[in-house]
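K.L.:
As a plain string of letters, each chain reads:
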Amino acid sequence: MLGLPLAFSAPLILTALVVLPALYYLLRLTPPRPREVSFPPLRLILDLQAREETPARTPWWLMLLRLILAALIIFAMAGPIWNPLPTSEGGRGPLLVLLDDGWPAAPTWTQRVAAASERMAAANRDGRPAALVPMSDGAREIAALDTTRANERLRTLKPAPFSPDRMQVLPAVQAFLAKNPQAEIVWIADGLSRGQADAFAQGLAKAAGTTRVQLVKEDSLPLAVTATENAAGGLEAQIVRADARSASAGLVRAYDKKGLAMGEARFDFGAALETKAQFDLPIELRNEIARVEISGEHSAGAVSLLDERWKRRRVGLAAGSSSDVAQPLLSPLYYLRRALQPFSEVREATAGRGDPILSLLEDRVSVMVLADIGVVSGKAHDELLRFINDGGVLLRFAGTRLAGSTDDLVPVRLRRGGRVLGGALSWDQPKQLASFPPESPFAGLVPPEEVTVTRQVLAEPDANLPNRTWAQLADGTPLVTAERRGKGLIVLVHVTADTTWSNLPLSGLFVDILRRVVALSGQVSEAAGDAGPVARAETLAPARTLNGFGVLGAQPLTAKPIPSGFNGSPSAEFPPGFYGPAEAQVAINTLSPGEKLEPAAYDPQFTRESLMRAEPIDLRAALVVCAFLALLVDALASLWLAGGFDRMRARNLRGRAAALVLAAVLGATLLGVDRAQAQAPGAAQSSALATRLAYVVTGDAKADEASRLGLVSLSRALANRTALTPGDPAGVDPARDELAFFPLIYWPIVASRPQPAPDAVTRIAAFMKQGGTIIFDTRDALTALPGGPASPEAQWLRVLLAGVDVPELEPIPRNHVVTKTFYLLDNFVGRTTVGQTWIEALPPDSADQANRPARAGDSVSPIIITSNDLAGAWAADSNGNAIYPLTPGGARQRELALRAGVNLVMYTLTGNYKADQVHVRDLLERLGH
Amino acid sequence: MVDVRLLDKKEATEQALHPLESLSLARRLPGLIVSAKEVAATVMHGVHGRRRAGAGETFWQFRPFVYGESTSRIDWRRSARDDRIYVREREWEAAHTVWIWCDRSASMGYVSSLALQPKIDRGLVLGLALSDLLVRGGERVGVLGLTRAFATRDIVERLSERMIEEASRPGHVAAELPPADPLAPRTQAVVIGDFLSDPDDIARTLHGMASRGARGHLVMIADPVEETFPFTGHTEFRDVDSSARLRVGEAQSFRDDYMTRLAQHRDRIREIAGSRGWSFTVHRTDRPASEALLALRMQLEAGLGG
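Chains as they are written, first to last, in my numbering: chain H, 1 to 929; chain X, 930 to 1235.
Next up, chain H with everything else stripped away, as it sits in the complex (with noise of 0.2 Å):
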């Protein structure tokens, strides 16, 4: 709506936005109350005929405040939605879904995925079937599926770690759309050009003919390294992107073959469109990465391999001329030094190391070039076939040195002498480079048509040499050639280094042909034995291949081996990934060097829609919230204008206090809330599951050791003696736990402890209400004097109760059922036995109860009052053994404590029913004797 992400649900109710203006004019006839001042002197003026009379207007800004109130209500009753899902569009064909699956698609595969199935979830609402084409498919007819089947597809499918050719797809489409011409189509599109986006787009707007083809697109488009080179500085890795507002700088990170970080980089395109990340690592290090990829974006793309081409290699220099710093274009060793320093790591020996080879053999070079050096000997000359052996390049180049004499490390045997071409004294043109042969690793090289030799050493004519030549002249001459030596290579380019043979070392060829020498340092080892040329294998098979993502892993099916030399972009049959033996493999990536990437430029037909949709949201909440808070500040406003805020601060004590009543009341139903949540359940649980006793934790640590022990041993007396089997009493703390899982509470009073809280006594008498019973122990028989002052727990006792409704208590009655529950007891003793127990008073006798031998009220006695200190009586070790001494003392004494204490707990558990016909028999017969 109006361009923004916004719709109604109920778009009807906005038409009541026409009744503001009413609301206008309403609100500017009925003026805010006057300001009420009281003013003693009234009288005087009281006669006076008020002039002005008119009323002051209702002020703008609060007649603003009240119609965008007004609109709000309007505006949230509409139901408005924010970033709404997608109605589907009119099609009422099938829906075709066109899904880029290249790895452009990659970083926001997610994405894409759920826009396609949320248009075919569309789809299925409206009862059409869906086609899905990913553009990966090829020339595939294409069918439409029911909405299910498609989804499956659609979660099947995986982005390709390669662009898709996209026109393959295009006849399929036409058809399809010849077929449909009321399809909905929706392209899910990666934004980039490869793959022949922009001739597709073309072809399909040309195909939809009237039906407007919906693009899905994201806004920012994939960033990707097209290549990585192993310079001199570092590692550097080319990132390209496609426009300016894709990420505009990040980092990129470097791993070896077994996936762990190497390094990382970070980039920054500025305004470019390309820009260089650089690793700065020791070349040990550089040499191990085999994986560079940009960090976050998870797409082949965005992954650069590294194999052995890659691996900057360290090359010995020694030339057999003296080398002169003032003339340093005549010597051999600049071009070579200027040649190999960009992709490999140059060591010269240095005078005065004593032997230039050993000492550059020394620093363990891999390839070793030799300009113009004729016979090697001696010590050297052992070492370096050595190296040779072990796997080392040797490269040579003639000169006038070698011309004269060489020595065996030459691949060939040659003429003295060599040939002059086109000088002064011979009849020949200087030749130019014939094409390099295919099984040469020149291969693919093109020889420039400048280049030419005047001079070169000349092979004697072998049966190997043609075997051995890598690259030749026009003629037929050889000018490159190669013995493999053991593990290592010789190779002799038979002309110099410098100019003064030929004009190769001024040609980029020199540059190529040198890489190309130095990268087979790494695989020479490869092929065994000396038979004859490099033995390369024809074909690599894929060992690791990328997928979409930019993850490596097991190649596809479809993935076929590469033939050698591949140099072609990387397609469905040949993924980008590493291919050949693990000891030398090959890495195809998926950008080739220098590859741009360039924005699709879609049709202007297309209506657009971003990848990115925000989720809806919906609105209503927060403009009702508006309009609340809009509410407030149009009450206080009409208050200020009415002068109620002098009034307010007249009693601006209440005021805040009942501010503050009101926060606090707010802020504790949240907490409250809050608390009720966290309330741990673990040991109500346990309490509700089982029958226990229960003691108030008084805080005094012998009191409640007494406590505990005594409700334990009595516990372990009603398991042993009656039919209850109690759990393990618990300590209880009334402010806190919750009471209701318990019958019985035991609560000695300790009347050096604070009270409890207020809250915690409303709790307790909230228990007694719901049917619990707390026995108080004040234990002061010994030191309370009877009919004397109250000692300090029985007044502890009373501030305690004064809070609780009480009943009416009477010391127990002879015939109280509590006398009877289990045992018959005449009193109830603890450790001591002249304390007086006291009990809900029973109600009045009835005349047919007036002879029963016990008798009960409706309920238990909430509360028993006893001054015995009973656990103390009961408590005994875990052997039995009484802990506390009794007063006057006996185990008469202790037995009879606990069976008053059984008979309470029988008594708060089966209530009245003893009243009415256990021991009816003993009763009887006592009462008979």
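Keep in mind the hints are simulated off the structure, nothing from the lab.
Computed from a prediction, not measured in an experiment: that's the story for all the values here.
Warning: the hint list may mix true and false statements.
Estimated spans, in silico, between C-beta atoms of each pair [unchecked claim]:
{"hint": "1", "chain 1": "H", "residue 1": "A802", "chain 2": "X", "residue 2": "L1223", "range": "56 to 64 Å"}
{"hint": "2", "chain 1": "X", "residue 1": "L1223", "chain 2": "H", "residue 2": "W61", "range": "46 to 54 Å"}
{"hint": "3", "chain 1": "X", "residue 1": "D1196", "chain 2": "H", "residue 2": "D47", "range": "16 to 24 Å"}
{"hint": "4", "chain 1": "X", "residue 1": "E1200", "chain 2": "H", "residue 2": "S638", "range": "43 to 51 Å"}
{"hint": "5", "chain 1": "X", "residue 1": "L1223", "chain 2": "H", "residue 2": "D47", "range": "34 to 42 Å"}
{"hint": "6", "chain 1": "X", "residue 1": "R1098", "chain 2": "H", "residue 2": "P813", "range": "52 to 60 Å"}
{"hint": "7", "chain 1": "H", "residue 1": "A802", "chain 2": "X", "residue 2": "R1098", "range": "36 to 44 Å"}
{"hint": "8", "chain 1": "H", "residue 1": "D47", "chain 2": "X", "residue 2": "R1098", "range": "29 to 37 Å"}
{"hint": "9", "chain 1": "X", "residue 1": "P1111", "chain 2": "H", "residue 2": "S638", "range": "51 to 59 Å"}
{"hint": "10", "chain 1": "H", "residue 1": "S638", "chain 2": "X", "residue 2": "L1223", "range": "45 to 53 Å"}
{"hint": "11", "chain 1": "X", "residue 1": "R1115", "chain 2": "H", "residue 2": "D47", "range": "35 to 43 Å"}
{"hint": "12", "chain 1": "H", "residue 1": "A802", "chain 2": "X", "residue 2": "R1065", "range": "48 to 56 Å"}
{"hint": "13", "chain 1": "H", "residue 1": "A841", "chain 2": "X", "residue 2": "R1098", "range": "44 to 52 Å"}
Here are some chain X residues the structure puts well away from chain H; computed CB gaps all over 12 Å [as the list claims (entries may be wrong)]:
{"hint": "14", "residue": "R1007"}
{"hint": "15", "residue": "A1009"}
{"hint": "16", "residue": "F1079"}
Ideal placement from N, C-alpha and C gives every residue a C-beta, glycine not left out.
Given chain H, put chain X in place with the hints provided.
P.N.:
Positioned in the frame of chain H, the structure of chain X alone reads:
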């Protein structure tokens, strides 16, 4: 905007319909007593000057004994130093009586943000301070219609006790004007209030009081708001004593009328007072109480004849 308010019913003293409500007066009075004494002390030391140093009120002079006098008046100690016989003369100590009356009606319980105190507080402070001052000066002080005139050192407490007692009497409604009973000649009356009653009522009361020649002083307590009328805009004025209300659209347009009316009212009262030789001063509650007390004292001194 000026902020005005009436004292809360519990705060104000005038509507002591319930015993509990009078407690609020009791609650406020100790503070007022203290401030009254402070105000009285500043005035006493400021102007009074103790011209008669020493215990002047007991001893005046020795004069030679005149035959025919009672011998019991001879001061033997003085006479023993001399050949002559002396009589100790005391200062003539016939005390004047000053009647004080403070308006405690509803309209006095009014305070604006410009004022230092509510009007009633200021009135009570003035009255009590004055009574303290006068008693120390040897006069007898009473509250009109409430107490007899007496002179004790705790006059302030005594008077305030009686006021509390009166206010806590059930059904008591504080009057706007003192009882119009004639006062004895040569007594003085100090009437403190806001005098917002009908000028005729005031005249009647005043004439009644002065009918036997008593002189007096009217002190009109006014809140600054009552003098400046700083209200603007749409305002509804409410009377304090009655239920009268006045709603005006533009309060500022009433200012001039009000000022004129107020000036007329005051002129009228001044005229009434002047006709009986009474003084009339206006005291604003944004001025210190000692200022009014000083003026009052000066006038009383003049009235008492030195």
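K.L.:
Hints first: check each against the structure and report whether it holds.
P.N.:
A quick look at each hint next to the structure:
1. H:A802 / X:L1223: 56 to 64 Å: Since the Cβ atoms of A802 (chain H) and L1223 (chain X) sit about 59 Å apart, the hinted range of 56 to 64 Å holds.
2. X:L1223 / H:W61: 46 to 54 Å: holds (51 Å)
3. X:D1196 / H:D47: 16 to 24 Å: For D1196 (chain X) and D47 (chain H) the Cβ distance comes to about 18 Å; the hint holds.
4. X:E1200 / H:S638: 43 to 51 Å: Holds, at about 47 Å.
5. X:L1223 / H:D47: 34 to 42 Å: holds (38 Å)
6. X:R1098 / H:P813: 52 to 60 Å: holds (58 Å)
7. H:A802 / X:R1098: 36 to 44 Å: holds (38 Å)
8. H:D47 / X:R1098: 29 to 37 Å: holds (35 Å)
9. X:P1111 / H:S638: 51 to 59 Å: holds (56 Å)
10. H:S638 / X:L1223: 45 to 53 Å: At 48 Å between Cβs, range holds.
11. X:R1115 / H:D47: 35 to 43 Å: holds (41 Å)
12. H:A802 / X:R1065: 48 to 56 Å: holds (54 Å)
13. H:A841 / X:R1098: 44 to 52 Å: holds (50 Å)
14. R1007: The claim stands: R1007 (chain X) keeps its Cβ more than 12 Å from every Cβ of chain H (closest is about 62 Å).
15. A1009: holds (68 Å)
16. F1079: holds (33 Å)
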